[in-house]
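**Student:** One-letter residues, chain by chain:
There are 2 protein chains.
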Amino acid sequence: MNTSNINPTMTQLGKVRSVIRETFEYGNKRAKEIGRENVFDFSLGNPSVPAPEIVDDTICGLIKTGDSVQLHSYTSAQGAEPTRAAIAEDINRRYNAGIDKNDIYMTCGAAASLTVSIHALACEGDEFITFAPFFPEYKVFVNAAGATLTVIPADTENFQIDFDTFVSAISPKTKAVIINTPNNPTGVVLSESTITRLCEILKAKSEEFGAPIYLISDEPYRELVYDNTTVVPYLTNCYDYTLVCYSYSKSLSLPGERIGYIVVCNKMPHHEDVYAAVCGAGRALGFVCAPAMMQKVIVSALGTTSDISVYKTNRDLLYNALTEYGYKCVHPDGAFYLFVKALEDDAAAFCEKAKEYDLLLVPSDSFGCKGYIRIAYCVTTDMIRRSLPAFKKLAETYGK
Amino acid sequence: MNTSNINPTMTQLGKVRSVIRETFEYGNKRAKEIGRENVFDFSLGNPSVPAPEIVDDTICGLIKTGDSVQLHSYTSAQGAEPTRAAIAEDINRRYNAGIDKNDIYMTCGAAASLTVSIHALACEGDEFITFAPFFPEYKVFVNAAGATLTVIPADTENFQIDFDTFVSAISPKTKAVIINTPNNPTGVVLSESTITRLCEILKAKSEEFGAPIYLISDEPYRELVYDNTTVVPYLTNCYDYTLVCYSYSKSLSLPGERIGYIVVCNKMPHHEDVYAAVCGAGRALGFVCAPAMMQKVIVSALGTTSDISVYKTNRDLLYNALTEYGYKCVHPDGAFYLFVKALEDDAAAFCEKAKEYDLLLVPSDSFGCKGYIRIAYCVTTDMIRRSLPAFKKLAETYGK
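Top to bottom, those sequences are chains A and B.
Using my numbering, you'd call the opening residue of the first sequence number 11 and step up by one each time.
Using my numbering, you'd call the opening residue of the second sequence number 11 and step up by one each time.
In isolation and in its complexed conformation, chain A is listed as follows (with noise of 0.2 Å):
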């Protein structure tokens, strides 16, 4: 048969693998020729600190003291009841937002956060929009459920959104905005004012066209925030028509266990429709339910976070650094990305040289935003030390 007629979308998405997998495999190949100690990976935003020890005590405990049948047995598919009731305080607590454990919906991380959410919203033809420089999956998946993604060049003075540019995207086919606040991959935090904005422009087009539009805000990175970074209002107290993602991911260095959930804000009407289509999203991409056991080991970690002390270092010492040799970087507040602009126009061919210091980077043209690239610190602060020589050798070829 010379046809394999299947599904081309889907061939090309395994086949092209994103620049960010590449970069790492190419780290790991060049590990093998120098050593690894001598090869400076900044490439991937796998967290580099161990979850807390509450997490794998919680793990064992539930081993050795439970019923190892209803420990690994299916939950609902929204999750398990005390796990959501228990998540709902804990948001509350923090944020007074009048979430109920019914509003909550448990996820297999970050990405399925995100997917269940726009299948949920999506009907065929709709527009998403989001702000660049963005996750550049988020395309993958507003295309996976018949949607297109409008992309907002980034304001690159401040990495906030703007809003002209942004108003005058905004149609009748607009279905949501994805925010991603802290971002990934600039770090930066979105103002409060930026926020408050964002959400009156919202309120007033979705009266404008008399359907809402709806707000999903991608947050995994929520709890990482340095210094005296002015806490993030929680989306739900200024838009009713919120959905809140989040992954356990990066705030407990969990990535590989898949585990988040989806607030759907109670305040907005229809409310038991959106969470009932979150549902049936999830049902119908194959989840069936979160993890079991991680929904009640996270419970015993709730306000509790992996140490990111460490990050905050590395982020100072790189940023310190950095900007002495002469290289341009807006201030992250958050996450653990610096987005520092290239020190020539084309950020593919400014990695390619900077690989010739053994500096692994992600040039940025598939975050949606030309010129930069993305330092992932969540790394050791041994192999930034190391690696700052490189950095500045790279720096004087660019005449720094």
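Hints are computed from structural coordinates only; laboratory data are not their basis.
One should not assume that every hint holds.
Because identical chains share one entry, a pair is satisfied inside a single copy or across any pair of copies.
As the list claims (entries may be wrong) - Taking lysine-lysine pairs in the DSSO-like style, the calculated list, with each CA pair at most 30 Å apart, reads:
1) 149 x 25
2) 42 x 74
3) 149 x 403
4) 338 x 365
Just so it is clear, the structure is predicted and the values come from calculations on it, not from any experiment.
Here the structure of chain A is known, so what remains is to put chain B in place on it, guided by the hints.
**Tutor:** Only chain B this time, still in chain A's reference frame:
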């Protein structure tokens, strides 16, 4: 706003609970009224025997001796290489199937194995075929990929395949055929001659149309077979265009942990494209990777199962008693279900009558085959013993 403007299909899927779930919830309510011990709930296919000890021992071992960061970190999207290698070796040891680690894609359980396979293959307007009685979520999964499901009516004689009807249903639009053996809800194992004939037809029709018809073998119950039931042939040995969908939910009693895999038969032409499409579909649906720790845990449990002798005891006890009381039921060789002819034409009415004796059974209508009830006997043997008088009284009300 008097519209939610969301996806109506998803809302519908979230609101209309499956009859299985409805029955289960009724059981919980009834247990509060008359005591758990007086409710004979046969509704859910949730394993009642614990995971083998090696599973929980391995989890604790990994936590005590392993590196926490590495343990909980992302694996590659297709799954950790050592896990895929160990599974391939285990399959080859048992079935001499020539599977390579690069033919295996790790998933979040059986439902994910199915949705990812279906999305990899399906183009808009494609048809998938399955055989009644069938797991009702197949329709949900196929429709979510933009395709339609054609159901071949049951062969109520032997619950094998009505080949005449099947052959006449195949068309150039047929993208794939889904089989499930041992079967939920009948417990029947497809015979070797059935499978041989099925594969011959698929080969002939693929050649006739000049495009492959894929075979999706949904087999989470593969290891749950009793007596001297001939081992089902491994499907990749029978037909090149096969995708095997597996899950450890039943064999290792880990339904809540969401761990399984897809095998893409490496003998199909364009194997690389199809495997890429599987990876692409997993990516588009938001799976990222299968739960990381569980990927490591199952390696230690390969070749073992939970103590399935309990299920055999239960099957024999129930089958023998029910047939003695006058019920008619195909003798099941596998899984943990009995598919019993209702004692009146309307299976739903029969289940309502059974409720008067606090017997909670699932009517067969949603499985695409009217007039039967499904009994999930993955319960305690003690409950089965205590339920027998109720089954007897129920039969007597129908003059048996």
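**Student:** Next, verify each hint and record whether it holds.
**Tutor:** How the hints compare with the structure:
no.: 1; hint: 149 x 25; in the structure: both (16 Å within a copy, 28 Å between copies)
no.: 2; hint: 42 x 74; in the structure: between (41 Å within a copy, 29 Å between copies)
no.: 3; hint: 149 x 403; in the structure: neither (36 Å within a copy, 60 Å between copies)
no.: 4; hint: 338 x 365; in the structure: within (19 Å within a copy, 72 Å between copies)
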